[in-house]
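Just so we're aligned: 254 in my numbering is position 254 of the sequence shown, and the numbers increase by one with no gaps anywhere.
Just so you know, the hints here were simulated from the structure itself, not pulled from any lab data.
Just so it is clear, the structure is predicted and the values come from calculations on it, not from any experiment.
Idealized CB from N, CA, C, for every residue including glycine.
A hint or two may mislead.
Unchecked claim - Here are the simulated SDA-like pairs of lysine to any residue, each with C-alpha atoms no more than 20 Å apart in a straight line:
1) 32 <-> 17
2) 156 <-> 282
3) 156 <-> 10
4) 156 <-> 167
5) 32 <-> 59
Unchecked claim - Label pairs and their calculated CB-CB ranges:
6) 203 <-> 4: 40 to 48 Å
7) 20 <-> 257: 38 to 46 Å
8) 205 <-> 15: 49 to 57 Å
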Amino acid sequence: MHNPASGANLRAPSAMRRVFIDHPEVPYCEVKDPRSVAQALGELAAQDVNTLVISGGDGTVRAVLDVLLSRGQFQRLPLLAVLRAGTTNMIAGDAGLRGRPDAALACLIDRAARGSDGLDIVQRHIMRIDRGAGQDPIYGMFFGAAMIFQGVEYCKSRIHSVGLRGEIGPGITLLRFALAMARGERAIVAPVPVRVSIDGALPTADDCDIMLVTTLERLFLGLRPFWGEEDTPLHFSSVRARPRCWLRALPGLLRGRRNRFMTPANGYVSHNVRRLQLELDSRFIVDGEFFSPVPGSPLGITDGGALGFLRLR
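All chains, please: the whole structure from these sequences, using the hints.
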């Protein structure tokens, strides 16, 4: 499944095209939006495809997850192989195939033809996000609100627009927003009021600067901003507005290694959870795509199941 408008595909269209031409035996579908993704998956399900290669960015992967986990087109869910064919490629960086998209795809086809030697399967859970009655669930692997949403919006409008792609753009954005938090620049980092209930507990209310939920084990640049110890699939982290000791806590927060400054009393919370209920009025992101909450309806974030992802050894 190939999205020619994704970041890396858009910059080097001929490289992927050569791989498709060289391997006509591989079923090929071109997609551009959620409707075409659903149509392509229906066609591939009819062919009883057991491995689905996604040549697209995080948004394309999210659109595929929506269809796979909500429509029941496949009798047995296929393995996924995600190429680094988008702009940021956070999902591919954690659970996908390394290297240039065309080279990774050619290598995958070659190894599959030889009996899958040199391939590993990793399991990743998928989040299900419910916005309320009458709304289709959203499936994805990374949820962000407050500074996370503001940072993605900033990166797309100011960093990607000048041609900085890959992990460089989010890295520059992170530095800019970390500095803004240290300086108290509320025009850059605006706190968001949120009520949070973890695994059915009574909700707590606070103004947050950072909130994220993910099933990935690493984010861009290898960051792991979660340090919960519970044996549950959703990594949840939040930083309240105006946290104490921000610059001292930051190195540990980014590595997911708790230091003495990263305490709830100072404004830093991280747990592995099964279920979250969030009440917020601001927009949020799922795998780089923007969404809005339904007024008066809390967001419910739960485990939507696990899928197998292929990786090259």
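Now for the hints, and whether the structure bears them out:
With a CA separation close to 16 Å, the supplied pair residue 32 and residue 17 stays within the 20 Å bound. Restraint check: the Cα-Cα separation between residue 156 and residue 282 comes to about 18 Å, which is no more than 20 Å; the hinted pair holds. Straight-line distance between C-alpha atoms of residue 156 and residue 10 comes to about 16 Å, which keeps the hinted pair within the 20 Å bound. A hinted pair counts as satisfied when its Cα atoms are at most 20 Å apart, and residue 156 with residue 167 qualifies at roughly 13 Å.
At most 20 Å may separate the alpha-carbon atoms for a hinted pair to count; residue 32 and residue 59 meet this at roughly 11 Å. Here the CB-CB span from residue 203 to residue 4 is close to 44 Å, well matched to the stated 40 to 48 Å. Between residue 20 and residue 257 the beta carbons are some 43 Å apart, a value that agrees with the proposed interval 38 to 46 Å. Remark: the range hint 49 to 57 Å for residue 205 to residue 15 is upheld by a beta-carbon distance near 51 Å.
This entry satisfies every hint, going by the numbered hints stated previously.
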